[in-house]
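As you go down the protein sequences, you meet chains R and G in turn.
In this text, residue positions in the first sequence follow the working numbering: the first is 665, and each later residue adds one.
In this text, residue positions in the second sequence follow the working numbering: the first is 1147, and each later residue adds one.
Hints should not be assumed to be uniformly reliable.
Claimed, not checked - Derived pair list, reagent style SDA-like, types lysine to any residue, alpha-carbon separation capped at 25 Å:
no.	chain 1	residue 1	chain 2	residue 2
1	R	K801	R	R699
2	R	K815	G	L1237
3	G	K1234	G	I1214
4	G	K1234	R	V770
5	R	K815	R	V701
6	G	K1234	R	T790
Derived from the structure by calculation, the hints contain no laboratory data.
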Amino acid sequence: MSRRVMILFFAVVAAQVIGLVVFASVRQIALTEGREVTLQTVPVDPRSLLQGDYAILDYEIADVPPWLDDRGLIVYVVLRQCGQVWCADWHANHRPDSNEVYIRGVVNDRGRLDFGIGTFFVPEGTGHIVENASDVKVVVSLSSSGNAVIKEVLVDGRPFEPAGR
Amino acid sequence: MAGDAFTSRLRDEVGHWQADGLITDEQAAAILERYTTADATEPAEPAGGSAIGNRVVSVIAIMGAALIGLGIIAFIAANWSEIPTLAKLALMVVGTPVIYIVGWLLSYRFGYSRIGTAVILLGAIAFGASIHLVAQTYHVPVNHPNLVPLWFLGVVPLAYITRSQAVLGLSIILFLAAACFRAQEWLPELGSEDTILLLPGLLPLGAFLFAAGRVQARFADTRRFARLCDIAGLLVVAAGIYFLSFDEVWWDIGRGELSFGAVAVEYWVVVAVSALAIAAMLTVAAWKAAGRDPAQIWWEAGAVGAMALIAAVMWLGLAFGGQWLWWVFNLVMLAGVLAMIAAGYRWNRAWLVNLAVPIFAITLFTRYFEFGLSLLGQSVAFIVAGIILLAGGFGLEYLRRRLVARIRREGAGA
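Could you put the whole structure together from the sequences, leaning on the hints where they help?
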């Protein structure tokens, strides 16, 4: 292998590592820097072939008003605190003022809003804990653009801990 | 040890010998393998039988890499809670380059080029597993449209840098998978009856791979990748035609109300970019082969032109209906199979004949079961199918053996 090819090889390997670190960093920054809100959910429990067990989370705030029910449309849900959780106050198809707390979603093929936080991965064989819970809430971190990252799942009022149950 | 200048010249010459029909693809690979291993410290291997031995070593090593890769993916899928998240991430972020370094050392320092290539393939699988581990850690769904495209973009340069067909094979699989995952962005209701509107897009993708194969065949450094791209491209095109060769599919299309308005602009951008890339690659391929074999250039251009025409008929058919189109696509499939056999016969490419025969057989038996089961009792249908299978198999095997024997007898070429 010539020196030039060797440099190219390790440059691609380095690019792969940088890509992974950037991918993780963007999510980590969103997690730590964002505004924290708690959302009410209704879970179901399928399985991913590549990523193992996970719970699909559907949110109370995922209802789409009829005038915005168009597949693929980006919808912003402005949130307000309703006791322990945050609920939908009003909807818009443009980004609200920065002094509002809002979450960005896309109308999916089921006519619900997909916020990119519909999947919660759990260790193998522990999906039933979420499935059997009577109350599941999700603590998410919201970035300034309204993108959400799951921070924690509260199962019956306590943080999800597969080993401790 | 063979010098860089010698091996470069040899690659060029071997390409010309292939093009002139003096040696087969296998012989070309064996000649190049004998001398290019001298790039490393591995001593030249004795002639005679070593090419088969080397292939066995490669296949076993690649199978081993694939098994370990599956093990890594299963490990990630288990989402083992005993390991802290940061430790898992560190394991993958550090582990992936370590696998690459081991592969590189085996290939280029210690002379175990085949084992080293398999370890580099393992690194490429581990990179994909790492992407999905990061996604899992932050609860990004597995079907996120950007994960597999990112995996593909990370892996494909390695195929060319390491000159590994196995890594290129993985890249082609990822390329096609990436298109499938991006399809979520192309249609708001993927899985609905509108999904069939995306199907003609298989033809530009297949034509892209085929054109990539043809242009790579014209350069000594990339010639070894040509056949893999050709086969993948032709299979993708055949798959697109096959799906639209069902009577029932066109019946459903006729009853439904399909709307191209539902298809996102990105889909058409991908089609347009593919068309431009295909035209550019064919131009370069024709320019490189100018004066050597004009008939072959025309055949390649004709094949890609036919693919474009078929895609256009598909889109028009889907837009304006026409239940009768099912038999058009059956005729197209038959014409395509005959063209592949004719091209294989004309340019002494046994692999084209070997590819065409199973495509024909699959289409034939699909049609038999599609129509036979509705007309006959199931038991009779299976008995008749068995007889047809035996007779058809004998006839096809007889034809294939004759063609392959003729190709081998005449001395083969590229």
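Verification of the hints:
| no. | hint | in the structure |
| --- | --- | --- |
| 1 | K801/R <-> R699/R | holds (16 Å) |
| 2 | K815/R <-> L1237/G | holds (22 Å) |
| 3 | K1234/G <-> I1214/G | holds (17 Å) |
| 4 | K1234/G <-> V770/R | violated (31 Å) |
| 5 | K815/R <-> V701/R | holds (10 Å) |
| 6 | K1234/G <-> T790/R | holds (19 Å) |
In terms of the numbered hints stated before, the structure departs from hint 4 and from no other.
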